[in-house]
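For the protein sequence lines, the chains are A and B, in the order given.
The letter at position 60 of the first sequence is residue 60 when you use this note's numbering, and the numbering goes up by one with no holes.
The letter at position 62 of the second sequence is residue 62 when you use this note's numbering, and the numbering goes up by one with no holes.
Check before you lean on any hint, since a few could be wrong.
To be verified - Keeping only pairs whose Cα atoms sit at most 27 Å apart, straight-line, the calculated DSSO-like set for lysine-lysine is:
| no. | chain 1 | residue 1 | chain 2 | residue 2 |
| --- | --- | --- | --- | --- |
| 1 | B | Lys230 | B | Lys92 |
| 2 | A | Lys143 | B | Lys243 |
| 3 | B | Lys226 | A | Lys102 |
| 4 | A | Lys93 | B | Lys243 |
| 5 | B | Lys243 | A | Lys88 |
| 6 | A | Lys88 | B | Lys164 |
| 7 | B | Lys352 | A | Lys111 |
| 8 | A | Lys119 | B | Lys226 |
Keep in mind that the hints were calculated from the coordinates and are not lab data.
Here the structure is a predicted model, which means the values were calculated and not measured.
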Amino acid sequence: METSAAPAKFSVNVPASSSAITPGTASTLIEIENLDFYYDSKQALFDINLKLDDRRVTAFIGPSGCGKSTLLRCLNRMNDLIDGAHIKRGSLKIRGVDLHRKDVDAIELRKRVGMVFQKSNPFPKSIYENITYGLRIQGVNNKARLDEVVEKSLRGAALWDEVKDRLHESGLSLSGGQQQRLCIARTIAVEPEVILMDEPCSALDPIATAKVEELIHELKKQFTIIIVTHSMQQAARCSDKTAFFYMGKLIEYDDTRTIFMNPGNPQTEAYVSGRFG
Amino acid sequence: MSLPPNPFAAKPSRARAAEKSVFWVFRLATYLVLACGAFVFGDIVLKGSGTVLHGFKTTEQFPYITNTFLFESPESLYVFEHDGKKVEMGDKEYRAFRESVEAKAKLAGQPAPKFKAESYVYSAGGIWPCIVGTVLLVLGSMTIALTLGVASAIYLNEYASDGKIVRYIRLAILNLAGVPSIVFGLFGFGMFVIFLDWNVSLLAGWFTLAFMVLPVVITASEEALKAVPKGFREGSLALGATKWQTIRSNVLPYALPGILTSSILGIARVAGETAPIMFTAAYVVRDKLPWDVDKFSDFFFQGVMALPYHIYVVSSKIPQNEYTERVQYGTAFVFLGIVALIATTSIVLRNKLRGSYKW
Numbered sequence: 001m002e003t004s005a006a007p008a009k010f011s012v013n014v015p016a017s018s019s020a021i022t023p024g025t026a027s028t029l030i031e032i033e034n035l036d037f038y039y040d041s042k043q044a045l046f047d048i049n050l051k052l053d054d055r056r057v058t059a060f061i062g063p064s065g066c067g068k069s070t071l072l073r074c075l076n077r078m079n080d081l082i083d084g085a086h087i088k089r090g091s092l093k094i095r096g097v098d099l100h101r102k103d104v105d106a107i108e109l110r111k112r113v114g115m116v117f118q119k120s121n122p123f124p125k126s127i128y129e130n131i132t133y134g135l136r137i138q139g140v141n142n143k144a145r146l147d148e149v150v151e152k153s154l155r156g157a158a159l160w161d162e163v164k165d166r167l168h169e170s171g172l173s174l175s176g177g178q179q180q181r182l183c184i185a186r187t188i189a190v191e192p193e194v195i196l197m198d199e200p201c202s203a204l205d206p207i208a209t210a211k212v213e214e215l216i217h218e219l220k221k222q223f224t225i226i227i228v229t230h231s232m233q234q235a236a237r238c239s240d241k242t243a244f245f246y247m248g249k250l251i252e253y254d255d256t257r258t259i260f261m262n263p264g265n266p267q268t269e270a271y272v273s274g275r276f277g
Numbered sequence: 001m002s003l004p005p006n007p008f009a010a011k012p013s014r015a016r017a018a019e020k021s022v023f024w025v026f027r028l029a030t031y032l033v034l035a036c037g038a039f040v041f042g043d044i045v046l047k048g049s050g051t052v053l054h055g056f057k058t059t060e061q062f063p064y065i066t067n068t069f070l071f072e073s074p075e076s077l078y079v080f081e082h083d084g085k086k087v088e089m090g091d092k093e094y095r096a097f098r099e100s101v102e103a104k105a106k107l108a109g110q111p112a113p114k115f116k117a118e119s120y121v122y123s124a125g126g127i128w129p130c131i132v133g134t135v136l137l138v139l140g141s142m143t144i145a146l147t148l149g150v151a152s153a154i155y156l157n158e159y160a161s162d163g164k165i166v167r168y169i170r171l172a173i174l175n176l177a178g179v180p181s182i183v184f185g186l187f188g189f190g191m192f193v194i195f196l197d198w199n200v201s202l203l204a205g206w207f208t209l210a211f212m213v214l215p216v217v218i219t220a221s222e223e224a225l226k227a228v229p230k231g232f233r234e235g236s237l238a239l240g241a242t243k244w245q246t247i248r249s250n251v252l253p254y255a256l257p258g259i260l261t262s263s264i265l266g267i268a269r270v271a272g273e274t275a276p277i278m279f280t281a282a283y284v285v286r287d288k289l290p291w292d293v294d295k296f297s298d299f300f301f302q303g304v305m306a307l308p309y310h311i312y313v314v315s316s317k318i319p320q321n322e323y324t325e326r327v328q329y330g331t332a333f334v335f336l337g338i339v340a341l342i343a344t345t346s347i348v349l350r351n352k353l354r355g356s357y358k359w
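Here chain A stands alone, though its shape is the one from the complex (with noise of 0.2 Å):
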């Protein structure tokens, strides 16, 4: 896609009746305003001003490097574990709290926000252990109550039918989309608000991709999904809203429709039609 000689628009097929596009207007969950972000001395968010719907999906887009991951981390203060990494204007709000206030618990916010990441990394347990590991560190120990969250991840990530027979073998044993998607299903066990995606089928093939944006169709009903993704097709495709991100500056946000098929941003539509990046 990259390389290939770019149409005038970007073809990607948008049917007007596409479910990506929800009818009806959504509340704001998170706000993000003025954001600027720090490597050490390096800048990498310039003056992010953006707000994310409750229960839809928004999609991060943009060339490597460009501050979309950097930004998907502050939202659940993953960025904490970086020497150096820290904001030095702004704030990150969700439901009007301010992740970054003295009496936010970043251990508290990670149950809320969960997140799945670009490399599949279930732990080298077993598939049940897997699921179960955030209720257990909360001190769940009831067995009943954990079978129940199994399947019910499970069934949600669309993964049961596959691995029903044998939760108890390793979790590694599963094809790579299968991890992404138990991943999945690990972070909606604890039952959060928000999921973050960082590229989560850049290591799949085609039919696993597939599953899994099929699924985050299904989970944007209960959760509020954020994606980045380097696939412009799979933005077009699954998400409800779009945002393009180019060296640290958010370019252009706007219904993914809009974004994809006229954007009002010349550096918008050079990326999406495949003119660079």
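With chain A fixed as given, assemble chain B onto it according to the hints.
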């Protein structure tokens, strides 16, 4: 019919000659090392295994077989002539024999026969107290070294942020690994034996050996922790686990095989050190076995016999003669066996643990 000219035929050149000679130099060097190793091992096994094999003896009660070399204390060897024959006996046996001969003579109304025996210290009996002492030293120092080492490796690798202080700590640990063992011995003597007033004791030996093996344990543990993929930590933290929950259930279990293998091997090596224990824990000879104590606390404050120190004593601290070789080689053989056993255990343990956590 002639073959077509071959453009790929070997042409003599300097590079080719150098290649050949270098290959032979490397090959011979390897064989030389192998031969040295085989000679050392062969010598010890040939001469030492005899001592152990000759030690087997049947007994009246269960388990009907015992080994005098493995399971008895060192004794003096008595060599004397009796009925025109040369007899060699250990201390206890000699006394009993002499008494019975004297009693027999008394019963028959004859004057007691004269015994002109030559005695050789430590040349009879076995090395049971040394085996026990070495095992105790290894177990104790392993516990201390693993606890301290793994804890500080976790701190350095998981908690501490890379700064100047951590760099200096790492440097200090590396330097510690280069300190000669006799210096550790002196440190242990000054610190534990004299300053803390623990005397020559198991406890002093444990800490001295543990400090000596600490750099190995810390370095090995850090490597093992680093080998655990970052994804496991992030995955766990993203589910709302605390750092310690993450480490305990999602990092340490996977790092454990690596930690244990390297640490146990390090400890097996340190178990063979003589210098650190000669001032701190080892006695030349001790009749009592370590569990033969009046009160529990005495257990930690007693010195023990140890295999490496025993080898040193019987090889250089007593007059050498034809009778000393038995104990020297026997002890070396048993010691090699124990070290091999520890190494094998660690490898088996690693394979077992690795099987259950593979990624």
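Could you grab the alpha-carbon distance between Lys243 of chain B and Lys88 of chain A and see if it respects the 27 Å cut-off?
-> The hint holds at about 25 Å.
Proposed proximity, Lys243 of chain B with Lys143 of chain A (alpha carbon, max 27 Å) = 25 Å, holds
Verify the proposed pairing of Lys226 of chain B with Lys102 of chain A, using a straight-line Cα cut of 27 Å.
-> 32 Å, violated
Starting from Lys352 of chain B, check that the Cα of Lys111 of chain A is at most 27 Å away, please.
-> 34 Å, violated
Between Lys230 of chain B and Lys92 of chain B, is the straight-line Cα distance small enough, at 27 Å or below?
-> 64 Å, violated
Sort out whether Lys226 of chain B lies within 27 Å of Lys119 of chain A, counting only the CA atoms.
-> 18 Å, holds
Agreement of Lys88 of chain A and Lys164 of chain B with the hint, judged by alpha carbon distance not exceeding 27 Å | 25 Å, holds
Mind checking the alpha carbons of Lys93 of chain A and Lys243 of chain B for me, to see if they're no more than 27 Å apart?
-> 24 Å, holds
The structure fails hints 1, 3 and 7 (numbered hints given earlier, in ascending order).
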